[in-house]
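J.: Respectively, the protein sequence lines represent chains H, A and P.
So the first sequence is residues -17 to 149, counted in our numbering.
So the second sequence is residues 82 to 188, counted in our numbering.
So the third sequence is residues 26 to 379, counted in our numbering.
Derived from the structure by calculation, the hints contain no laboratory data.
A hint or two may mislead.
[Said to hold, decoys possible] List of simulated lysine-lysine pairs, DSSO-like, C-alpha gap at most 27 angstroms: (1) K327(P) to K(-16)(H); (2) K(-16)(H) to K92(H); (3) K176(A) to K37(P); (4) K327(P) to K37(P).
[Unchecked claim] Interface residues of chain A toward chain H, partial, derived using beta-carbon atoms under 8 angstroms: (5) L123; (6) M126; (7) G142; (8) S144; (9) G166; (10) I167; (11) L171.
[Claimed, not checked] Which bits of chain H does chain P cover? Going by a derived footprint, with three or more residues having C-beta under 8 angstroms, they are: (12) 47 to 55; (13) 115 to 129.
Bear in mind the structure is a predicted one, so any value in this text is a computation, not a measurement.
Where is the CB? At the ideal position from N, CA and C, for every residue including glycine.
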Amino acid sequence: MKEAVFTFFSLFTLLTAAGVILSRNIIYSAFNLVLCFFGLASLYLLWGATFLSMIQILIYAGAIVVLFVFVVMLLNFEKPTEQKTRFSIIVLSSAGVWTLALILLRVLSKSLGEIPSLETPAKASVRTISKLLFSQYLWPFEVLTVFLLALIVGIFVLARPEKEETP
Amino acid sequence: MILAEKLTSMAYWSHFVSIALFALGLLGFLTRRNALIVLMSLELMLNAVNLLLVQISMRTGTSEGIVLVVFVITVAAAEVAVGLGIILNLYRMKKTVDLGSFRNLSG
Amino acid sequence: MTLIDFIIAALKAIVILVAVIQVVPVMIYVERKVAALIQDRPGPNRVGPFGLLQPVADALKFLLKEDPIPHYTNRLLYTLAPFLSLIPACLVIAALPIADKAVLFGREITIQIADLDVSLIYVLAIGSLGVYGILFGGWASNNKFSLIGSLRSASQMVSYELPLGLAAVGAVMVFGTFSLREMVIQQEGTLLGILPNWGVFYQPIGFLIFLVASFAETNRLPFDLPESEAELVAGFHTEYGSMKFATFFMAEYMNLATMSGLMTVIYFGGWHLPWVSDAKLLEILGSQNLLCIIQVATYIFKVSVFMFLYVLIRWTLPRFRFDQLLTLSWGSLIPIGLINIVVSAVLMYVLGGK
Chain H
-17 MKEAVFTFFS
-7 LFTLLTAAGV
3 ILSRNIIYSA
13 FNLVLCFFGL
23 ASLYLLWGAT
33 FLSMIQILIY
43 AGAIVVLFVF
53 VVMLLNFEKP
63 TEQKTRFSII
73 VLSSAGVWTL
83 ALILLRVLSK
93 SLGEIPSLET
103 PAKASVRTIS
113 KLLFSQYLWP
123 FEVLTVFLLA
133 LIVGIFVLAR
143 PEKEETP
Chain A
82 MILAEKLTSM
92 AYWSHFVSIA
102 LFALGLLGFL
112 TRRNALIVLM
122 SLELMLNAVN
132 LLLVQISMRT
142 GTSEGIVLVV
152 FVITVAAAEV
162 AVGLGIILNL
172 YRMKKTVDLG
182 SFRNLSG
Chain P
26 MTLIDFIIAA
36 LKAIVILVAV
46 IQVVPVMIYV
56 ERKVAALIQD
66 RPGPNRVGPF
76 GLLQPVADAL
86 KFLLKEDPIP
96 HYTNRLLYTL
106 APFLSLIPAC
116 LVIAALPIAD
126 KAVLFGREIT
136 IQIADLDVSL
146 IYVLAIGSLG
156 VYGILFGGWA
166 SNNKFSLIGS
176 LRSASQMVSY
186 ELPLGLAAVG
196 AVMVFGTFSL
206 REMVIQQEGT
216 LLGILPNWGV
226 FYQPIGFLIF
236 LVASFAETNR
246 LPFDLPESEA
256 ELVAGFHTEY
266 GSMKFATFFM
276 AEYMNLATMS
286 GLMTVIYFGG
296 WHLPWVSDAK
306 LLEILGSQNL
316 LCIIQVATYI
326 FKVSVFMFLY
336 VLIRWTLPRF
346 RFDQLLTLSW
356 GSLIPIGLIN
366 IVVSAVLMYV
376 LGGK
């Protein structure tokens, strides 16, 4: 039963991901991206990582795609702004990508092996994550905060309006 | 074929999902010309990696994979913000975000 | 998950959802009547005794009016946008604990649709999805004023999610859990003998931040510049006619109910009566079901107090200007929230435990 639900949600995720890259309208792509993130969050839930799925919805679907939609609305695209890509590029990149995919599949199944069944949930409660985060991964955590600070300053500089010359 | 067997058995299906997601993201990244959709495909690739990290965490039975996913999500959010700032500036320069029209650096 | 569990869960979901939807007509009437009383005029008094059937008249109007769809719009997005606003508003209700167990037919049923162990993050996450309805509504209206209104409203909602989250983090530190049900269970009894053991006495500043941020999250005055009548026609829902407009308003009132519910659950004890503990009540009453009914009534009373507060403040305070609004969030509420977290952490360390 759980496996059927898992298969359903994973197919949903893949379909909406295909919708992201295939849509002609950017807003449809953004909406498909939100649905894809929802599908991923439900996959995390089925695996027992409840905290992670909520964080996924909170940050990805609730903040990042909102930023995307903001930019789309601010930039006000009127006509379809994209020329169609050359067919040769599509064919070549597809061939390359699927070859890579097959190679990765082989590598993963050899190295990672089988995934335990869905009945055993992952050890992913908030307590275990926070214990690791504040003991073993404390240094990356602090570096990340400084990184985010640098980022905020950088975005502030990037998005400043152009200075007009005072006569 | 062994591959088909592997694809349909439950144990390897999640590998396939994350690889397919990565492949779709990569395809969109290489093919589309609109900068926003390229950024979205980048997000798809990062999410595929997150999925794989959660599978690793399930395999080894610890939460280290999930801690790594938290880091990846944070950095991805940050990078999207910067990327959108850059796109805004590109739009200010050229009034378009079609990647084919930014040829200042090409020979 | 046997079949009977599934049926009970589905029934709980339907009953609680329908009960919360009933908030909408009640709020329509209460808002207009209280507005009238504050403004020293009679208010709706034509339809039924004391105007009590006014919501019925409003509902009929919405159903029977023409439903316009403007010309050069994206029809799919235009029709989808109100529901994108309504669906998160309905989904959040699933995580709010209304009462403790009831015993029916030999089974213990918890009066909460979904008892997640991370329900606080669930509420914040689904609450942050309400932005999409506003964004797509303004975009699909093909109207510059709607677009501006929706961008303003979306940026306001996104800016005020941060103080909401910070205040919630303070509460999580005090209670030690993300689960809303656990938070309510821990708020039993008395604190220092005189005060009820509620969250607001542990986190007063957090409660104030949460209160202010919840006003902004639901686009309520004094933060309702995006839908102000005098400035932007009607903001993002200018082009929306009867039923779609009604859907936006249902979503807004249900968001109000959810925010009030959240505040009572985190800061005001949820279903507990002020100084009495549940065990003593169970002794007095004898039956678990009677206790459950009293708990539900307490919860509804507390939520009603907050919703009345929302209506009162709406008709009392003037509106914020948009830059004042954003300065308040980023310049005041977020620093105060951060200081609140640090001070709470220090106090918890010094006092050792709760």
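J.: Give a verdict on every hint.
T.: Verification of the supplied hints:
At roughly 39 angstroms between alpha-carbon atoms, K327(P) and K(-16)(H) are farther apart than 27 angstroms, so this suggested pair is violated. Simply put, K(-16)(H) and K92(H) have alpha-carbon atoms about 25 angstroms apart, close enough for the 27 angstroms limit, and the pair holds. Simply put, K176(A) and K37(P) have alpha-carbon atoms about 53 angstroms apart, too far for the 27 angstroms limit, and the pair is violated. Restraint check for K327(P) and K37(P): the C-alpha separation of about 21 angstroms stays at or below 27 angstroms, so the hint holds.
Restraint check, L123(A) versus chain H: the minimum CB separation of about 11 angstroms is more than 8 angstroms; hint violated. Look at M126(A): its Cβ only gets to about 10 angstroms from chain H, farther than 8 angstroms, so that hint breaks. Evaluation of the G142(A) hint against chain H yields a held restraint, the C-beta minimum of about 6 angstroms falling below 8 angstroms. Against a cut-off of 8 angstroms between C-beta atoms, the interface hint on S144(A) holds, since the closest Cβ of chain H lies about 4 angstroms away.
Taking 8 angstroms as the C-beta cut-off, the interface hint given for G166(A) holds, the closest approach to chain H being about 4 angstroms. At its closest, the beta carbon of I167(A) sits 7 angstroms from a beta carbon of chain H; the interface hint therefore holds under the 8 angstroms criterion. At a threshold of 8 angstroms, the smallest CB-CB gap from L171(A) to chain H is about 10 angstroms, leaving the interface hint violated. By the rule of at least three residues with a Cβ nearer than 8 angstroms to a Cβ of chain P, the coverage given for the stretch 47 to 55 of chain H holds, with 4 such residues.
For the stretch 115 to 129 of chain H, the assignment as covered by chain P is violated, since 0 residues bring a beta-carbon within under 8 angstroms of that chain's beta-carbons and 3 are needed.
In this structure, the earlier hints numbered 1, 3, 5, 6, 11 and 13 are contradicted, and the remaining ones agree with it.
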